[in-house]
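Could you put the whole structure together from the sequences, leaning on the hints where they help?
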Amino acid sequence: MNRKVAGAAVLIAACKTATAPEAARAPTVDASAPAPAVSNAKATASATSTAAATSSGAPASEPALAWGARPSRDGALFPVADGMCIHMESWAVDNAVLLTYGSGAGPWTRGGRVSIARFSPSGLDVGDAALAGFDDGKDPRFTALQRVGGTYPSRLWAISEQSGRMYNAVDVLTRTDGSWKVALPGMAPAPRNRWSPQTWKDGALVFLEASGQGDVRDGTMLRAIAVGGSAPKLPTALAYPGTNARIVRALPTGEVFVLIAGKATTVRYTLDGTKTVDATMATGDFEANLHVLAADAVYLSAGPALRRLDGTAFRDTALGTAATAKNAAIRELSRDPEGNLWAVLEGGGILVEKKSGGVEDRGLGEPVFLGAGAVGYLTGRSLAGVEGGDPWAVGKSGKVYRYDGTKWTPVEMPAPPWSMGAKYNAVRVLWTGKNDVFVNAEYGEKGAGWKTPERYRAVLRSVRPSEVLRCNEPLGEAAPASSGRGFRSWPPLATDACTTPFLVVFGEDGTKKVNGKYPRIEAQLKAHPELGTRFTAMDFTSGGRKWMGLPVKSRADGLKIAELLGNKLGERPEVVCGTPPSPETHEWSYE
Numbered sequence: 057m058n059r060k061v062a063g064a065a066v067l068i069a070a071c072k073t074a075t076a077p078e079a080a081r082a083p084t085v086d087a088s089a090p091a092p093a094v095s096n097a098k099a100t101a102s103a104t105s106t107a108a109a110t111s112s113g114a115p116a117s118e119p120a121l122a123w124g125a126r127p128s129r130d131g132a133l134f135p136v137a138d139g140m141c142i143h144m145e146s147w148a149v150d151n152a153v154l155l156t157y158g159s160g161a162g163p164w165t166r167g168g169r170v171s172i173a174r175f176s177p178s179g180l181d182v183g184d185a186a187l188a189g190f191d192d193g194k195d196p197r198f199t200a201l202q203r204v205g206g207t208y209p210s211r212l213w214a215i216s217e218q219s220g221r222m223y224n225a226v227d228v229l230t231r232t233d234g235s236w237k238v239a240l241p242g243m244a245p246a247p248r249n250r251w252s253p254q255t256w257k258d259g260a261l262v263f264l265e266a267s268g269q270g271d272v273r274d275g276t277m278l279r280a281i282a283v284g285g286s287a288p289k290l291p292t293a294l295a296y297p298g299t300n301a302r303i304v305r306a307l308p309t310g311e312v313f314v315l316i317a318g319k320a321t322t323v324r325y326t327l328d329g330t331k332t333v334d335a336t337m338a339t340g341d342f343e344a345n346l347h348v349l350a351a352d353a354v355y356l357s358a359g360p361a362l363r364r365l366d367g368t369a370f371r372d373t374a375l376g377t378a379a380t381a382k383n384a385a386i387r388e389l390s391r392d393p394e395g396n397l398w399a400v401l402e403g404g405g406i407l408v409e410k411k412s413g414g415v416e417d418r419g420l421g422e423p424v425f426l427g428a429g430a431v432g433y434l435t436g437r438s439l440a441g442v443e444g445g446d447p448w449a450v451g452k453s454g455k456v457y458r459y460d461g462t463k464w465t466p467v468e469m470p471a472p473p474w475s476m477g478a479k480y481n482a483v484r485v486l487w488t489g490k491n492d493v494f495v496n497a498e499y500g501e502k503g504a505g506w507k508t509p510e511r512y513r514a515v516l517r518s519v520r521p522s523e524v525l526r527c528n529e530p531l532g533e534a535a536p537a538s539s540g541r542g543f544r545s546w547p548p549l550a551t552d553a554c555t556t557p558f559l560v561v562f563g564e565d566g567t568k569k570v571n572g573k574y575p576r577i578e579a580q581l582k583a584h585p586e587l588g589t590r591f592t593a594m595d596f597t598s599g600g601r602k603w604m605g606l607p608v609k610s611r612a613d614g615l616k617i618a619e620l621l622g623n624k625l626g627e628r629p630e631v632v633c634g635t636p637p638s639p640e641t642h643e644w645s646y647e
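Throughout the sequence shown, residue numbering follows my numbering, covering 57 to 647 in sequence.
Careful, some of the hints might be misleading.
Derived CB-CB ranges, DEER-like [what the hints assert, rightly or not]:
| id | residue 1 | residue 2 | range |
| --- | --- | --- | --- |
| 1 | 413 | 368 | 19 to 29 Å |
| 2 | 393 | 619 | 23 to 33 Å |
| 3 | 422 | 128 | 51 to 61 Å |
| 4 | 150 | 590 | 53 to 63 Å |
| 5 | 600 | 445 | 53 to 63 Å |
| 6 | 623 | 188 | 41 to 51 Å |
| 7 | 507 | 210 | 43 to 53 Å |
| 8 | 589 | 619 | 12 to 22 Å |
| 9 | 414 | 246 | 25 to 35 Å |
By construction, these hints were calculated from the structure, which means they are not laboratory data.
Don't be surprised by glycine CBs; every beta carbon is placed ideally from N, CA and C.
So, in structure tokens, the structure goes:
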């Protein structure tokens, strides 16, 4: 994988695995949490929606979905996408926020082809023509997506990694003429490793590049390529920063900063695009990190030390002194509109250096959640929104907090629509404005009759969607297409009050149907007359996939059949509340 820098704004996960989910953390809920403004604008139907609008709890103007899930109109956060969304990420680009899942490659991942959608005011736009061709199902270049950036819809870029036992090969892809293309292949003429991508002035992309053969770093370069505009020329001293260049930070106003690691770490930078300046700081054996908050707010951290760039030198900060006293490394750094400096510390504390002087502790009351579970996330932060004067944070318990100017308050979390009792555990926050916050969350789910638990992932948003979409589950195809593809409308799990309970048998891919029948399923039902002697089997399509299910008299009856079929046939059945779209029916009778 690409190089990792502790505490960097872009976190590159080391090795994404598909291990069984950890026990779900159970955050308590404080109903007094301040709720962001919620858009209840009339929603346009999503590409996969089969009916018009919402379920119970939604505004009266929204009719119920016959086959779909709708969040309650009350609350601070709302699920937008949920399910087995393997390696799901939310990417903030200029003019849009994009969602991807399915990215990943290698023997220890369930990733495969990437599915992409754009967040809209009404939820997810899964048929956005501007994103068409991102993954056509044939080109494996997107199988290990590392970063998406640029400007939506016409000047986007993506970094995607291919790797083997002896090499890293990173492709650079761009979308500038209505289609995606490989701007720089990772394997031609030899493996090239590329990391620390940044959008520069005029939308150009800058990144560091070196040989991808093993860990050879000779010939490290800082490169700039045009993305629908021009690529300004870099000063020679920046273009060839040496073998230990680790991080680049660029600003759209033209400034570029490069961290060159060593026991004495150097930051080489240009403010005008022509002259370069070097500033060096002794960092010893600590791994250094570069924080560029603005052209006049550049900081270097190494362990607990934090110093501010001042021309050719670095100056001590009160925040660094306070962190050193706690012997806690700085993981994240932000600056609020008043000029106060916020730091997340190793161990989960939060310190704030006030512009007026002094440092104060603004901890959550519990440690900030610094990890990201068994599967790492590439986007989002533990503490977000500081730069907009609207701090949000994730606690180790899985709670989400919002700062109101004087204290942290827990934010109310919704219930997952497809869980039998689990709670969302937040792991990252992406802040795009005071009225638009995205939270990556996950939980472990084990339904009735399931032999193993599954890790579910979701994106929650402070803007209420018109429908919660479900990621398609894997069907067991051979690699690399081992993750699900696409999204679908899907009803919530049934409660005892549901009047249309329906048992869905998961995994139907056409291979279990023989001469129009399902002999394995019928054999199990016939052997258990106590579960019923007459059934109406239904074949239907949702999310571009074929499904098979049975209407049942009640949730309780459905769960009994689910236990039987799940244990005997290895399926992942669910009892949902809805009527499937345009089903083909088959009557079964064993009387």
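Results for each hint:
no., hint, verdict
1, 413 - 368: 19 to 29 Å, "holds (26 Å)"
2, 393 - 619: 23 to 33 Å, "violated (56 Å)"
3, 422 - 128: 51 to 61 Å, "violated (27 Å)"
4, 150 - 590: 53 to 63 Å, "holds (58 Å)"
5, 600 - 445: 53 to 63 Å, "violated (43 Å)"
6, 623 - 188: 41 to 51 Å, "holds (42 Å)"
7, 507 - 210: 43 to 53 Å, "holds (47 Å)"
8, 589 - 619: 12 to 22 Å, "holds (18 Å)"
9, 414 - 246: 25 to 35 Å, "violated (54 Å)"
The structure shown violates the earlier hints numbered 2, 3, 5, 9.
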